[in-house]
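Chains as they are written, first to last, in numbering that gives the first Met the number 0: chain Z, 0 to 427; chain P, 0 to 427.
One should not assume that every hint holds.
[What the hints assert, rightly or not] Only part of the chain Z face toward chain P is listed, based on derived beta-carbon distances under 10 Å:
hint: 1; residue: M0
hint: 2; residue: L3
hint: 3; residue: R68
hint: 4; residue: S69
hint: 5; residue: V199
hint: 6; residue: L218
hint: 7; residue: G222
hint: 8; residue: P266
hint: 9; residue: R319
hint: 10; residue: L323
hint: 11; residue: N365
hint: 12; residue: S376
hint: 13; residue: A382
hint: 14; residue: R383
hint: 15; residue: M412
[Claimed, not checked] Just so you have them, the derived chain Z footprint on chain P, three or more residues with Cβ under 8 Å:
hint: 16; stretch: 72 to 82
hint: 17; stretch: 271 to 282
hint: 18; stretch: 289 to 300
hint: 19; stretch: 310 to 322
hint: 20; stretch: 376 to 385
hint: 21; stretch: 389 to 403
These are computed hints drawn from the structure, not numbers from a lab. Quick reminder that beta carbons are idealized off the backbone N, C-alpha and C, glycines included.
Residue-level listing of the chains:
There are 2 protein chains.
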Amino acid sequence: MRILIKNVHALLPDGTTPLTNIMLDGTKISAIGEVPEDFHPARVLDGTGHLAIPGLVNAHTHASMTLLRSYADDMNLMDWLQNKIWPIEAEMNRGDIYWGAMLAAAEMIRTGTTAFADMYGPFMDAVAEVVIDSGLRGVLSRGIIGVAPDGEAKIAENTALYREFHGAGEGRVTVMYGPHALYTCPPDFLKKVAAEAQKVGAEIHIHMSETKGEVENCLKEYGKRPFAHVESTGIFDGGTLAAHCVWLDDEDISIIKRHGIRVAHNPGSNMKLASGVAPVPRLLQEGVCVALGTDGASSNNNLDMLEEVQLAALLHKVDRLDPLAVPALEAVRMGTEYGAQAVGLKDTGKLAAGQQADIALISLQNTAFCPKHNLVSLLAYSARSTAVDTLLVAGKVLMEKGELKTLDEERIMFEAQRCADRLTNLRK
Amino acid sequence: MRILIKNVHALLPDGTTPLTNIMLDGTKISAIGEVPEDFHPARVLDGTGHLAIPGLVNAHTHASMTLLRSYADDMNLMDWLQNKIWPIEAEMNRGDIYWGAMLAAAEMIRTGTTAFADMYGPFMDAVAEVVIDSGLRGVLSRGIIGVAPDGEAKIAENTALYREFHGAGEGRVTVMYGPHALYTCPPDFLKKVAAEAQKVGAEIHIHMSETKGEVENCLKEYGKRPFAHVESTGIFDGGTLAAHCVWLDDEDISIIKRHGIRVAHNPGSNMKLASGVAPVPRLLQEGVCVALGTDGASSNNNLDMLEEVQLAALLHKVDRLDPLAVPALEAVRMGTEYGAQAVGLKDTGKLAAGQQADIALISLQNTAFCPKHNLVSLLAYSARSTAVDTLLVAGKVLMEKGELKTLDEERIMFEAQRCADRLTNLRK
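Build out the structure end to end from the sequences listed, making use of the hints.
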């Protein structure tokens, strides 16, 4: 179907925001500019008073954990995990995974996110179902804990997920392998995951160097820092999305560059869990692809990617005492273009002819966008994601003027609360 | 007039959020709880599906600077001030000051702020007019630069502002003196301001120890750190609201405690301008009143106090690598109860009988508040200020279900854009 988004400010790859028209043909952007006489759209979306940006890409999350939003906060990490998060996760059934992911999908659509990289489980088929039905793009991986008795079974589940869903939903579902982290997967186990992933041709999504303690323990146990240790297992040989990457030294960064590892930076989660500040300005300077993620909603506590763009633009300035660190446009690119690249989406993440039509329309008719000296600065430093009122993925409208087109939000919130209540009653 | 806010979750001073009723009588909260048979409200606001919180207090801003939102970003501080901000400020006329403050007022009402402490000028009478007409509370001070040739005249303007407006708008306008900072006001000049303020019985609003350079230059020039230096001028003797307070040592903190100085912490601005991280957890631990502010919208770039609550809750955790630093409830109190105390508002900042009826109603019918395990965590870590849909100040409704009752928002945005366009054309 041909769609015309007319009279809209479009954030182009060069950072300009001219008033123009965006033409879609099928799943892609066919042109941006003057509308040719022979372009006959089946639908016209009036972009007046709106800024069109590439859809935001959440490069690291655990969607179904949205069910645990505000369940446990302001605790020390291990106390939080061992006494709150892990016990309640152990009780989650397929319905919980499904409605948690549905709640995440509704929130992502509302806040301008068009694609997300997810690591969770069990029942990742339920998350795939959510991706297919919501119209979003999902890069799914089964979170694999090698130290658990069913570690091997989880590798098999990831393989089944790949076989059943990679390329499903008209290509909107893709599958990676999700070895959780080096401290939950011994080296021989990581080797198995690497071999299996490479056998099917899938990439890896893994947590790396999130906390200082992780680095210290890795040094103590294996005599190497995390990147050198994991490199030795072959995990990085088939393409890798590495979440966090907070505690890095020169050697770590050279390994990241050597393997073309893409980094998912999670400023909100790193701040809330007090993990530390990742060396993002340096990584960007060295040409590493740094995307943004929210992490799970229980450590954030939302899936608001525009908030992560703002945090990325603010955190590194104060951390480096450098007001030029991560400028507005670079932060926006991390949330869009670099995000798409990081999670392995081809021809996605930019407003340009030939790119996938993953587009968020943001209303400029609110005080946060007044006055309009610089739309990119306003987007990065002032806007709120609630100003997103229309969202397209692969040329399909998922939200129009604030109304969700693929999901029943009322029902989702009702069911999510019901699941949450059941889980917390079990834990009382 | 008696108003009943019925069936609402109310954030009480102890941090609980029971489902209850709030009764207002005139400008105050008369009771919270069961509605007595003899309470006959003239109006009933249905609080179903809402959380009532004390109105947010913006303890440090420059409201009219909202006109410069996104005018200049991602620059070094002195380059930004000298080449962009100060030249355009020099062109601002009374209309600019008025419409800039009107834009700020509209944004504050929309985002749940009921009171703000402002330092700016000239034409602070225009800001007073905005406070009176909008229904907000404003704690106004004339920003006084002593090194300018008209320094003395500015003290006189501040005195005139006090004489004309202190207590105006049924007490909603109060006036402080605004000596800008020690680096723009030589010591003898600060002494004059202190004497004048104490003569009329007004408090002081001043920038203190915002940057490392300010502390170093003060040591070089006066042989003392900023707090000892300013203390010697008498500025702290009549009650002080000190903005920023980023670079503090033990002696500074003991001076803050000795004079009961209230601190306005501005996490967003401190991050964006790369000023540094204020030692907020320590100040709170030592019993100092620490409030939150946005600073001007040109260094933030919005007036969203809930964002500052979230930043305060996040920034200090990662700065101290302590996930227990500034927990959710404490961050919310900084934005409400401590804010009211910091800017000198009596009986304001808490939902309790006898307190001023400054109340924000936040809709819980959105994904950011789902599921509802803990409303305070959701407020601090997940909510967006756009969920505020009803706002009362001194028992008067300024916004109801998203509709502004005292201001014409469309007109304000139009006029603000017109002023901004005129100013930037002058600077071209």
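Is the coverage entry for the stretch 376 to 385 of chain P by chain Z consistent with the three-residue Cβ rule at 8 Å? It holds: at least three residues are needed, and the stretch 376 to 385 of chain P offers 7 whose Cβ sits within less than 8 Å of chain Z.
Against chain P, is R383/Z within 10 Å by beta-carbon distance? holds (5 Å)
Evaluation of the interface hint that places P266/Z against chain P, nearest CB under 10 Å: Interface hint status for P266/Z: holds (9 Å vs cutoff 10 Å).
Using Cβ atoms only, decide whether L323/Z comes closer than 10 Å to chain P, and label the hint accordingly. holds (6 Å)
Does the stretch 72 to 82 of chain P contain three or more residues whose Cβ lies closer than 8 Å to a Cβ of chain Z? Check passed, 6 qualifying residues.
Using Cβ atoms only, decide whether L218/Z comes closer than 10 Å to chain P, and label the hint accordingly. Violated, because the Cβ-Cβ distance from L218/Z to chain P comes to roughly 18 Å (cut-off 10 Å).
Less than 10 Å between beta-carbons is the criterion; does V199/Z satisfy it with respect to chain P? Since chain P brings no Cβ nearer than about 34 Å to V199/Z, farther than 10 Å, the hint is violated.
Hinted contact R68/Z with chain P - closest CB pair below 10 Å: Nearest chain P Cβ about 6 Å off; hint holds.
Establish whether the coverage given for the stretch 389 to 403 of chain P by chain Z is satisfied; the threshold is a Cβ-Cβ distance below 8 Å, and no fewer than three residues must meet it. violated (count 0)
Please verify that hint: S69/Z, Cβ, nearest Cβ of chain P, below 10 Å or not. holds (4 Å)
Taking 10 Å as the limit, does the beta-carbon of S376/Z come near enough to a beta-carbon in chain P? holds (4 Å)
Should the hint that G222/Z touches chain P count as held when the rule is a Cβ pair under 10 Å? violated (25 Å)
The structure is inconsistent with the numbered hints 1, 2, 5, 6, 7 and 21, although it conforms to all the rest.
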